Every structure is written in structure tokens, then in C-alpha cells.
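Colleague: Same order as they appear, the protein sequences are chains A and B.
Residues in the first sequence are numbered from 1 upward in steps of one, following my numbering.
Residues in the second sequence are numbered from 1 upward in steps of one, following my numbering.
FYI, nobody ran anything at the bench for these hints, they're computed from the structure.
Hints should not be assumed to be uniformly reliable.
As the list claims (entries may be wrong) - Which bits of chain B does chain A cover? Going by a derived footprint, with three or more residues having C-beta under 8 angstroms, they are: (1) 15 to 24; (2) 119 to 133; (3) 234 to 243.
To be verified - Label-pair distances were calculated between CB atoms; the ranges are: (4) A:107 - B:18: 47 to 53 angstroms; (5) A:262 - B:180: 16 to 22 angstroms; (6) A:214 - B:26: 34 to 40 angstroms; (7) B:63 - A:83: 40 to 46 angstroms; (8) A:262 - B:17: 47 to 53 angstroms; (9) A:29 - B:2: 50 to 56 angstroms; (10) A:63 - B:100: 58 to 64 angstroms; (11) A:214 - B:67: 30 to 36 angstroms; (12) A:56 - B:71: 35 to 41 angstroms; (13) B:2 - A:94: 55 to 61 angstroms; (14) A:236 - B:59: 31 to 37 angstroms.
Source: prediction; values computed, not measured.
Glycine included, C-beta positions come from ideal geometry on N, C-alpha and C.
Protein chains: 2
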Amino acid sequence: MTSADDPRLADFARLREVELRKSLEAEHGLFIAEGEKVIRRALATGYPPRALMLTERRLPAFADLDVPKYVVPEEVAEAVTGFAVHRGALASMSRLPLPAVPALLAPARRILILEDLVDHGNVGAIFRCAAALGVDAVILSPRCADPLYRRAVKVSMGAVFAIPYARMTNWYAGLEEVREAGFTLLALTPNRAAEPIDAVGMGERAALMLGSEGDGLSSRWLREADRAVRIPMSERAMAMGVDSLNVVAAAAIACHSLVAGED
Amino acid sequence: MTSADDPRLADFARLREVELRKSLEAEHGLFIAEGEKVIRRALATGYPPRALMLTERRLPAFADLDVPKYVVPEEVAEAVTGFAVHRGALASMSRLPLPAVPALLAPARRILILEDLVDHGNVGAIFRCAAALGVDAVILSPRCADPLYRRAVKVSMGAVFAIPYARMTNWYAGLEEVREAGFTLLALTPNRAAEPIDAVGMGERAALMLGSEGDGLSSRWLREADRAVRIPMSERAMAMGVDSLNVVAAAAIACHSLVAGED
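So here's chain A without its partners, still in its complex pose (with noise of 0.2 angstroms):
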């Protein structure tokens, strides 16, 4: 193909822009995931491609997927998606309906909550972080980022695949559901006041709650926890203003104390 208005490359339009491609993504259910490692495991995951669109030279590697595969050149990649597509392959894929809150609990010991998180970055890297770790679930809140948006996707190296999520249809009655089905639920938090993470019983099962890059955890999410825990920092850094981490970090620390604190 040389035209980047052919039709049959729309789902790969306008990548960075992210208004558009949430209602776009939203509207054919579709997400999309770049380059030949994170395809695959999207795959083996059980997302079904609608499509690729992928330079010459990449075409060899996906010989065996019977799908649309559109090749374009480099300029007309870029043109399409609005950015040098470096990796050489783009997929469109399916999503899949998410499971329900009370199915992703049964089998699970240790899960995350996520609060709102805007940044798909962030997302991704702390789906990554738990992944490795092995907590078992995520959960989202209503308004969390979308862990399929690309760059999620992406920063998570297609971790994003590997963990079980569900969304939370209610942000009110949520977090009582977790607890329903027998979780302590721990809310991380720089307030002082908390009880540093690594000296808390967790219990057989726990549920992390991580809340926004900026503002944390609601007020209301951190009145209903069981327990608010924090990352021990250090006096000095404290007396210097240095005292943060980012919530990458925090939730790297939070995640190994969680999975480490398992029975």
C-alpha cells in the first residue's frame, strides 16, 4: 500500500492522539500492540488479530497468522500512525470481555487496586512490576487509565497480557466487594501515620490499593481501607524535602512487600 488514507489502515490512524483513539478503540473494540514480542504474547494471551500493518522486511515473521496483513513503507507507516514506526510491525487486535470482579477474585491471594490512574505509562509499568513479582489481579477503578491503550501496552512490555484485570462498575460499592470476598485491604499512602508495609500481617489475602500520581488515594478509599501503610522513608531525605517516590517506585516496593508477605 502507498496511500495513508486507504481505508483498510484505519485501525492504525492518528496513534498519538489520545481522544481520538479511546472513542475509536472504544467504538470497534480493538486495541493495539507494536512490535513482534508483544504481538506474540498478546496472541498466546488469546486476543484475536484483526489485522497487521507491517513493513516488507517484517512480513517473514508473522507467515503464520491469517490475517489482513497490510505492508507499507516506512513513510507511509508514520504517516498513518504519526510517528516513526520503529519496530516494523503494528497489530490491530479483538479485545475480549472482561472478566467480572468476583470471578478475578476466586483464585486470587494478592491483588492490586488501582485509583484513578491518568498516566498510561504509569499503568503499564506497574502492571509490569506486578507481573514479575506475582501478584495475582488487578483492579481497576471506573476511571484508571485503559491498560490496552498502546502506550500501556508498550511501557508494560505485554505484561498487560500476563495478569488478570477487571473493572470496577462502581467506585462507591467497590471496595466493600473486595473485602466481601475476604481481602484486608491496604491503602498505600505517604502519611506518616501508617504503618510501615513490611511489618504488616497481610493475612491470606490482601488487596493493595494504589491511588493517583498526583493527589493519592480518594478520601473516601482511604477512610474505608482495613489498614493504610506506607513505604518507611528516610529521616534525612524527610528534613531535605526529598521524601517521595514516584509511584512507579512506590508501587515496585509495595508490590515485592505484598507478594513477600505471603504465607
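Following the hints, put chain B in place on chain A, whose structure we already have.
Modeller: Relative to chain A, chain B alone:
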């Protein structure tokens, strides 16, 4: 000032051009801090300011500083630096002589040693974690990226000023010098044969070695370490090939374990 070519603005020129900036900053012994909060942290740590470039609106915030202040419209700031200066204030500061390694080690009990990290953002993020969690000092390999490079300063949110660091002058003999100061050398590696980091008795003084983003620690440094340590990964993630952490997430967990393991 209305001209981006004014020679008095030379400290602030072309901030996105890494190679140019490296040689300019080395030659003049300067570095750049962005935004009032970070500039104040640099000043509080004792770095002497050389000059400020700022928009009119920011001028009152720096009334106490007795250095040349170059007030420029936003367009000029952008023309000089090569990007939109959102925070409205840039300071050029003089570097200070780094401590020698033995002086750095003398009062320390928990340190990091960074080998050949190339990404300034990663160096900044690791300093932020190390400072917040209470690591005492950082030693850089001869080729490790500069913590005072603009992007490192920015990502660290000024934590590069809050934690003392030194640069090894000899990659071959550098580790031995740390060991002779009484430190146990712990090499962080993804190797499954290594000991889980939380299970290692670290002793009174411990140095955690972190390798570059791609290849990890060099084989020479791995051999020279006293112990190899790893962050435990999920069996399921290993089976799915998503069993890696990015270098900052790994550093965050490792710094937390390093400090938690203190006697």
C-alpha cells in the same frame, strides 16, 4: 533581553543537545537546575549560582539572590534552550569538587554503586529512590552518566543534591577500594542462581551494585562481588516471559531491601 544570541545567555544554550552540553558543562564547570523548587534545593546544598534566566513573572521569587538575572520572554527562552521552558526559571550553577571515594565511604553504611548507566533519567530516578529510602551515598563507575546533567537533576526532583556521591577513577581497582573499607559487595542480577535479596545477611556495611540498563553488570564486576543477589520473580511470570523489571523498579526494591536489612 530580546535576542536569543546574546552571549550572556550562553550557559543556557541548546539544552537538548546532549553532546554539546556535556562538553560545555565540563569546560565551564556548570550545570543547569530547572524550576524554583529544584533551584532552591541546589542552593541549600551549597552549589554557587552563576546566573538565572527567567520570565518576568518569576523574577520576584528570586529577589534574594545576588547573581545576574536575565529576564526573557518565553519565545526567547525557547529559542535559547530549544524547548518550552514551562517552569519559567533556569539556573546555571557551579559544580563543586566531588569527594574522593574514601571520604565518601568513611561515614556510610549503605551505599549504591552504579556501573555504566547511560540514561540520565534513570540515574536521576535511582538517586530519587536512594535518597528517599535512606541510602547513604552513591559511587559511580568512570563511565556512568552524570547525575548533574539537566535531565537527571529534573527526574530526581533535586535528590541528586541530597545524597553525596563520588566517581571512581579506576574501573579495575574501584571495587577493591570499597571492599577494603569494610563493605560487603552485593551484585544485583536477574540470575536465578543468586540469593533472594531479602534473605541475605548484609552485615554492618553493604554496597549494592547496579548495572547498565541493557546488559546489567559487567562479568568482571559480577566475579568481584562477594554475593550475587536477585529480586524474587514470579514462577508464572517466568513461564510467560514477563519476568523482568525495569532498572528503576529493580533499584527501588533493592534500595528498600538494602536499607531494611540495616542492623
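Colleague: For the pair residue 29 of chain A and residue 2 of chain B, does the Cβ-Cβ distance stay inside 50 to 56 angstroms?
Modeller: holds (54 angstroms)
Colleague: Holds or violated: 16 to 22 angstroms for the Cβ distance of residue 262 of chain A and residue 180 of chain B?
Modeller: violated (40 angstroms)
Colleague: Taking 31 to 37 angstroms as the stated bounds, is the beta-carbon spacing between residue 236 of chain A and residue 59 of chain B within them?
Modeller: holds (33 angstroms)
Colleague: Is the distance from the Cβ of residue 2 of chain B to the Cβ of residue 94 of chain A consistent with 55 to 61 angstroms?
Modeller: holds (56 angstroms)
Colleague: For the stretch 234 to 243 of chain B, count the residues whose Cβ lies under 8 angstroms from any Cβ of chain A; is that count three or more?
Modeller: Contact hint for the stretch 234 to 243 of chain B vs chain A: holds, 8 residues under 8 angstroms.
Colleague: Starting from the hint 30 to 36 angstroms, judge whether the C-beta atoms of residue 214 of chain A and residue 67 of chain B obey it.
Modeller: This hint holds: roughly 32 angstroms between Cβ atoms.
Colleague: In terms of beta carbon proximity below 8 angstroms, does the stretch 119 to 133 of chain B have 3 or more residues touching chain A?
Modeller: holds (count 6)
Colleague: Does the Cβ-Cβ separation between residue 107 of chain A and residue 18 of chain B fall within 47 to 53 angstroms?
Modeller: holds (48 angstroms)
Colleague: Could you tell me whether the CB distance from residue 56 of chain A to residue 71 of chain B stays inside 35 to 41 angstroms?
Modeller: violated (54 angstroms)
Colleague: Using the Cβ atoms, figure out if residue 214 of chain A sits within 34 to 40 angstroms of residue 26 of chain B.
Modeller: holds (36 angstroms)
Colleague: Take a look at whether the Cβ-Cβ distance between residue 262 of chain A and residue 17 of chain B falls inside 47 to 53 angstroms.
Modeller: About 49 angstroms separates the Cβ atoms of residue 262 of chain A and residue 17 of chain B, which means 47 to 53 angstroms holds.
Colleague: Quick check: the stretch 15 to 24 of chain B, covered by chain A? Criterion 3+ residues, Cβ under 8 angstroms.
Modeller: Three-residue rule not met by the stretch 15 to 24 of chain B, so violated; n is 0.
In the structure shown, a violation is registered for the earlier hints numbered 1, 5, 12, in ascending order.
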